[in-house]
Amino acid sequence: MLLLVAMALFALGLIGVIVRRNLLVMLMCMELMLNGVNLSLVTFAQQTGTTAGAVLVFLIFVVAAAEIAIAIPIVLVLVRQRRTLDADAYTDLHG
Amino acid sequence: MSDAALLNVVLFLPLAGIALLVLVPARSEGTIRGVAFWVMVVQLAATALLYVHYDATVSGLQFETRIPWIPAWGVYYQIGLDGYNILLVLLTAFLGPLVVAGAFSAITKDIKLFYAMVFLIQFAMLGTFVAQDLFVFYLFWEAMLIPMFLIIGIWGGERRIYATIKFFLYTAFGSILMLAAVIYLVYSLRTTSGVTSFAFADLYRTQLPLSVQLVLLSAFGLSFAIKVPIVPFHTWLPDAHVEAPTAGSVILAGVLLKMGTYGFMKLGFPLFPDATRYLAPLFMTLAVVSIIYGACLALVQNDIKKIIAYSSISHLGYVMLGLISLDLIGIQGAIIQMVSHGLTAAGLFLMVGMIYERCHTRELSAYGGLAKLLPVYSVFFMILTLASIGLPTTSGFTGEFLVLLGAFKASWPLHVAGDSLPLVLAGSAVLGVVLGALYMLRFAQSFLFGKAKAPHEPVTDLNLREKLILAAIVVAVFALGLFPNEPLSKTELAAKEFQQRVTSVAIPGGAR
Amino acid sequence: MVLTLIVLLPLAGFFANGLLGDRLGKPFVTVVGCGLPIIAFVLAIKSFLVLLAGGGTPIVETVFTWARIGGQSFDIAFWFDRLSAVMVLIVTGVGSLIHIYSTGYMKQDKSYARFFAYLNLFLFFMLLLVLGRSLLVLFVGWEGVGLASYLLIGFWFEEADNARAGKKAFITNRIGDAGFLLGMFLLFWATGTLDMDRINAAFMSPKAPVVSASLVGILLFIGATGKSAQIPLHVWLPDAMAGPTPVSALIHAATMVTAGVYLVARMSGIYMHAEGASQVVAVIGVATALFAATIAVVQTDIKKVLAYSTISQLGLMFVALGVGAYSVAIFHVTTHAFFKACLFLGAGSVIHALSGEQDVRKMGGLARKIPVTFVTFVVATAAIAGIPPLAGFFSKDEILWFAFASERGGSLLLWAVASFAALLTSFYMFRLVWLTFLGKSRMTPEVEHHVHESPKSMTGVLAVLAALSAVGGFLSLPHFLEPMLPLPAVPEHLHPLETPLLIGSIVIAFAGLAGAAWFFGNGAVRAERMRQRFAGLHRVLAGKYFVDELYERLLGMPLCWISEHVFLRTGDRMLFDGTLHGLAGLARRTAGAFSRVQSGNLHLYALLVVAGIVAGLAWSFRFV
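Residue numbers (our numbering), protein chains in the order written: chain A, 1 to 95; chain B, 1 to 512; chain C, 1 to 624.
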């Protein structure tokens, strides 16, 4: 049951990243994906009775925090240049 | 020092020359030119010494060096002189100082880099000729591409980028195919005899079925055919020649093109004898087509460099004809023709360079009556033109006569036995001498005779440096035309070996 | 060493005059340029005496080996037998005379040194040609005289036409040379050597070589056609008149053009067994003789008349060769050298006297003004016409006799055509005499005022040559050459006809003289009327049967057109480069298509990442 919730969280996050154009919303969806994974890990830890899953969740918290700490300033700098949060505006690295 | 060591010195001297050049400040142009020239002269002297020491009565490699390099792959650093490469090495060393001296007044920017590139090419060309290990050979073969690319691309004419990229990609394409063939060849040797080796001596002993030989010969042959160049793989040559600086053209026509014919002679044909014999009519046809097509195209050009470029295609057709005739006289003729073309084409390109420096145009119609304006120039031009069309007493005659005689000797018995194609081809090749006279004399006619005109008049005749360069070439041309027996004696054993390798029928399963 | 010296002396002259001539001045050039050929002539006489003393055994000098390949060697060697003796004496003798003449003719020319350098170079190559033992040495000389001819025809190269004439000569020669080379190759394959004496021996031996003598004969004859200006390769000789007149005399009358005759005579061993080839030789010879003679009748340039006359006489020599009378052909070569050189040098003297005028319509009445030239010219004309007892009579009569009677191809038809050509010869040569020297002057007053006899260097030579033309017939060369070039057999029943035919020849000669006098005496009124009556025929003849135009249309233009349009535009540009550019374009377009994935669009990237992961997962789960 909880696994389904975790899968749903992950799927919603994934779809959100692909579909939404607002950079901040994309970041929030990525957080959603991470939390979905966290939930599934905790669920597995509880189901199998081991602690490995829970430990991994702590690792993910830290990495996620660090990632958000970097990602949001990047978005801030980008937005300061272009003055828009639309992801489609940032296509300079095309071939 | 021993002769083998001397050969290594000759080979690596250009690299030492680059090191020397690095030390010279870019501003002292005279010193740069001097260093470049004298390094080349020393190389020539050393090569001449090796030539004199070469024993014509011994077959096989002389002055050999064989050092293990990548033993796990069977790669050895192996170089040596034999009848196949002795004349070509001498030609390369001979043209070295002439190229450097010829560029003194033509190249005025980035001189250090230019001479460094010339040295690098010299190193690569010599390496290709003296390499006796296929890995080493391939390395040097590829190594020649970059310096040539840069020489044409930096110091060339207006369409130099197009020309140099065309040259590079076309040649590299062939080389890639050759690489695949090389790897497969060594692999075959390993599976059939258990020996992992890139050495020529070992590779000659591979016994491959005809179908495999055909594929490999096509790969090797394509790479060499692009280099020679044989029609229809020739279109890079006119562009490359026209856009290259004079020194570049001289190197290209003088030596680089011979790498293709050398490749056929040393590797392509002897490694795959059954396929060679099978495809001999095709090669012969392509050779004769090159002779006639090149000549016809030279007839209608108005750019003086293009005329000589197309004449090169025609001349090298004779070389291929001589090689594929598989007749000893034809093979010897092909070797002489290689050297002869190297000399005459180099000389003619040098002369074009000299007039271009004075008048800044390559348009044939812009010139006329140069025999009156530049008498000394005209004399040299006439001599080189006549050598180019094979006037007896010049090297061109020696080459063409022996090639045609060999081709004819090989094709007449076939005609008597019922196969007339070789005879028709040989007969057409004889027509090549008429076409040769046609386009060169048309060139000479417009250039030297008639009403005198040249852009940027008054034009000065040759200075001492230019006279000495051309005199050196003319002397070599006549030496080869009047006394070819001496060089021929040095290449005779190699020619015999070549003939034997290609004409002997493979003994199934047994050793050669 | 004597033979080598004979050959090398003119070469030394070439280098000396070429490199130092301009600096050391005209006297140096004169001494060296004339002196060395004269010394060569003296040495030739010496060798001739040695030869006679030895009863005719050939003198052989091997100089060095040019190349040795696989056991077969190509040597540079010289060979002096009766035939060589005759040729060398002509080349050095008449050659020296013409050199001396040139000192007067070219005195005012600023390229005096260059002229003598080239003349000496020519002599060197010509001697190589006639003294060579192997076909290789002969070929070196053969091509070399072609080179010298090219340089000398285009000597005054500032006129583009002169250079063009030189180029035409070289190219036409080369076409012949292609045939020559094929013949040489065939001989080498069949006999294993290029030494002419050994080849002849091989063909004369009972075990004949494996190759058809006729095939070889025809191939060698193609070469001879080019060099000796026979149909169809005759077109270069009239244009070659653009060169200075001594050149025309030496190269295009006395020596180089006879090289083809020499070749066939030298290779008589082959031709004696080549009936087919001999027939071809005779037919082409007589056709050329007639063809050229008809053109000569209407030419108005004094040198062109002589040029066509040379072509015609060469044709007669080939007739002799074709019927097996090799020594008679050589006899005619000798007498022809004498009188044709005299005629050309005489023409040169006329041109010199008239300050450059060459059109006979603007001459006339010169007999008294330049008497020495006139007398020598008339003597030479009588010789060529065949008036006894001058030289031409003897040689031409022998040719006509063997054309009729030889067992190896002589026939009535051959004799008739040849005799008609002889009649025309006499006619047009005397026409030349009348128009140039006799009658009323048609010169411009300017020219007439400056008419003067030539200097002694020129008239002296003319006198010597005229004397030789007069008495040369008594040399009895066929008898001298008999041991090595036997005369062909004549059927018994034809023998009594020899004297009537002889009388016939004399009648022909005088008929030509009479005809010329009839038409061209009295101000050439009757000739003018004939010309108007047969205007069409006249135009064809004056246009040289439009052969040059035919060649241009048939060969020249198509070759250039094919080279330009088929090979260059269609082949090189469209096909080969087009394929290359097509491939490059393909690469560029493919790369362009692929690069559209790199849109910089984040969402696309994300989608692709996810799609890739899903696909990978699906792939890895396919067995689950």
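Honestly, the hints are just simulated from the structure, not real lab data.
Because the structure is a prediction, the values reported are computed rather than measured.
A hint or two may mislead.
Unchecked claim - Taking lysine to aspartate or glutamate pairs in the EDC-like style, the calculated list, with each CA pair at most 16 Å apart, reads: (1) B/K112 x B/D55; (2) B/K453 x C/E159; (3) B/K451 x C/D572; (4) B/K306 x C/E564; (5) C/K26 x C/E159; (6) B/K372 x B/E497; (7) B/K372 x C/E446; (8) B/K451 x C/E528; (9) B/K409 x B/D419; (10) C/K362 x C/E159; (11) C/K110 x C/E158; (12) B/K109 x B/D419; (13) C/K362 x C/E275; (14) B/K490 x B/E29; (15) C/K110 x C/D197; (16) B/K109 x B/E29; (17) B/K372 x C/D22; (18) B/K306 x C/D572; (19) B/K372 x C/E159; (20) B/K451 x C/E159; (21) C/K107 x C/D22; (22) C/K362 x C/D301; (23) C/K369 x C/D301; (24) C/K440 x C/E498; (25) B/K372 x C/E158; (26) B/K453 x C/E158.
Quiz item: For this structure, which hints from the list above don't hold up?
Solution: 1, 3, 5, 6, 7, 8, 10, 12, 13, 14, 15, 23 and 24
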